[in-house]
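From first to last, the protein sequence lines stand for chains R and P.
Going by the numbering used here, the first sequence opens with residue 3, and the numbers climb by one from there.
Going by the numbering used here, the second sequence opens with residue 4, and the numbers climb by one from there.
Everything labelled a hint here was simulated from the structure, so no lab data went into it.
Hints may be right or wrong, so weigh each one.
To be verified - Among the chain R residues that face chain P by a calculated CB cut under 7 Å, a handful are:
1) GLY45
2) LEU46
3) LEU48
4) ALA55
5) LYS60
6) LYS71
7) HIS111
Note that beta-carbon positions come from the ideal geometry of N, C-alpha and C, so glycine has one too.
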Amino acid sequence: AQSVTQLGSHVSVSEGALVLLRCNYSSSVPPYLFWYVQYPNQGLQLLLKYTSAATLVKGINGFEAEFKKSETSFHLTKPSAHMSDAAEYFCAVSDGGGADGLTFGKGTHLIIQP
Amino acid sequence: NAGVMQNPRHLVRRRGQEARLRCSPMKGHSHVYWYRQLPEEGLKFMVYLQKENIIDESGMPKERFSAEFPKEGPSILRIQQVVRGDSAAYFCASSPPTGWNSPLHFGNGTRLTVT
Numbered sequence: 003a004q005s006v007t008q009l010g011s012h013v014s015v016s017e018g019a020l021v022l023l024r025c026n027y028s029s030s031v032p033p034y035l036f037w038y039v040q041y042p043n044q045g046l047q048l049l050l051k052y053t054s055a056a057t058l059v060k061g062i063n064g065f066e067a068e069f070k071k072s073e074t075s076f077h078l079t080k081p082s083a084h085m086s087d088a089a090e091y092f093c094a095v096s097d098g099g100g101a102d103g104l105t106f107g108k109g110t111h112l113i114i115q116p
Numbered sequence: 004n005a006g007v008m009q010n011p012r013h014l015v016r017r018r019g020q021e022a023r024l025r026c027s028p029m030k031g032h033s034h035v036y037w038y039r040q041l042p043e044e045g046l047k048f049m050v051y052l053q054k055e056n057i058i059d060e061s062g063m064p065k066e067r068f069s070a071e072f073p074k075e076g077p078s079i080l081r082i083q084q085v086v087r088g089d090s091a092a093y094f095c096a097s098s099p100p101t102g103w104n105s106p107l108h109f110g111n112g113t114r115l116t117v118t
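Just chain P, same shape as in the assembly (with noise of 0.2 Å):
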């Protein structure tokens, strides 16, 4: 039973290119939240998605910086034009859909470095 699957784990972008983070939930689950962590810094919320819909993207920049949940294939995050300041841990977690009440199911993380 797979769990939480994203890929690559490391990533390294030079400024200005693009950053494509991949994740694919565990089998049942048909929600994906995407989160940053920065070092000594907990988890930031950047956005959840069900299949084909963004539901809450309260939490991602405004500019650069999108995510995409298709009806078939992995949840992408996609960051633009990348900068310094991106270099972070991004993690990707996926729950059934019951509720705030079911624990989210973490992946390994991506760790995304800007040189």
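Excised from the complex, chain R in its bound form (with noise of 0.2 Å):
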């Protein structure tokens, strides 16, 4: 089984400041790490993937994310917030082993403070 914990539902920070959204996992397997991002009546975005290769994964928007294994976790990072960062973050686990493999994380809301 696999599990993903978003730590805060909501996060705010200010124009310009850097952005830090938690993750951390359980999965009983090497997994596969997604971060999706959902603006405002729309469906998810990826923003980036881990799949085993580099440990630091960078994906659009200026996003990156890094995995430790030693933590169990998945951090997505970015170094200088835009308000048009502001939407809902979503971390999610697989296993790569079946199509009930993709487990997301409750979301975290990002707001931007101009």
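Using the hints, put the two chains back together into the complex; each one sits in its own frame.
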């Protein structure tokens, strides 16, 4: 079984400040890890994914995430927040083993203060 | 290159009616997934289908819910005799047949409101 915990249902940062969204996972096998972003009234868009290659993964819109096996974490960061980053962010884990293998966290709502 | 298309975007049903949600996957994608999103919750897996086959329906409620992905046409998620608790956003996603390291491509969802 696998699970995802996203710490903080809401995160507020000032425009230009560092964005850090936390994600911890549990998986019985080496996982595949994903971050998705959801803008209001839209579906989810893939930001980035980790599939056992480089531990630091770069995604779209300046986001990146680092896989840390010892901490079972896959935190999402961006050096400088932009107003357009305001959205809901979901971390997801897959064990690659089956159709129901993609498990989502509850999401973190990112608020950008002007 | 059209993405995953879902319709309708919004659907209002009275208790006891039927709801039909449609999903056309991206071109070249043969795998379709349905997820349900409740307020303040993440996405919950419901069902995974390939053409004419239900591969995994472990997330589907045992009653009133059904899904299909026919040889021709969109995938359909059907909810019979809807109740207020069915109100949610329902998302369809598709992927090519290359395994779980292929990301899912999501539609914009159907927001079902049961009155």
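Check your understanding: Taking each numbered hint in turn, which are not upheld by the structure, reported in ascending numerical order?
Key -> 4, 5, 6, 7
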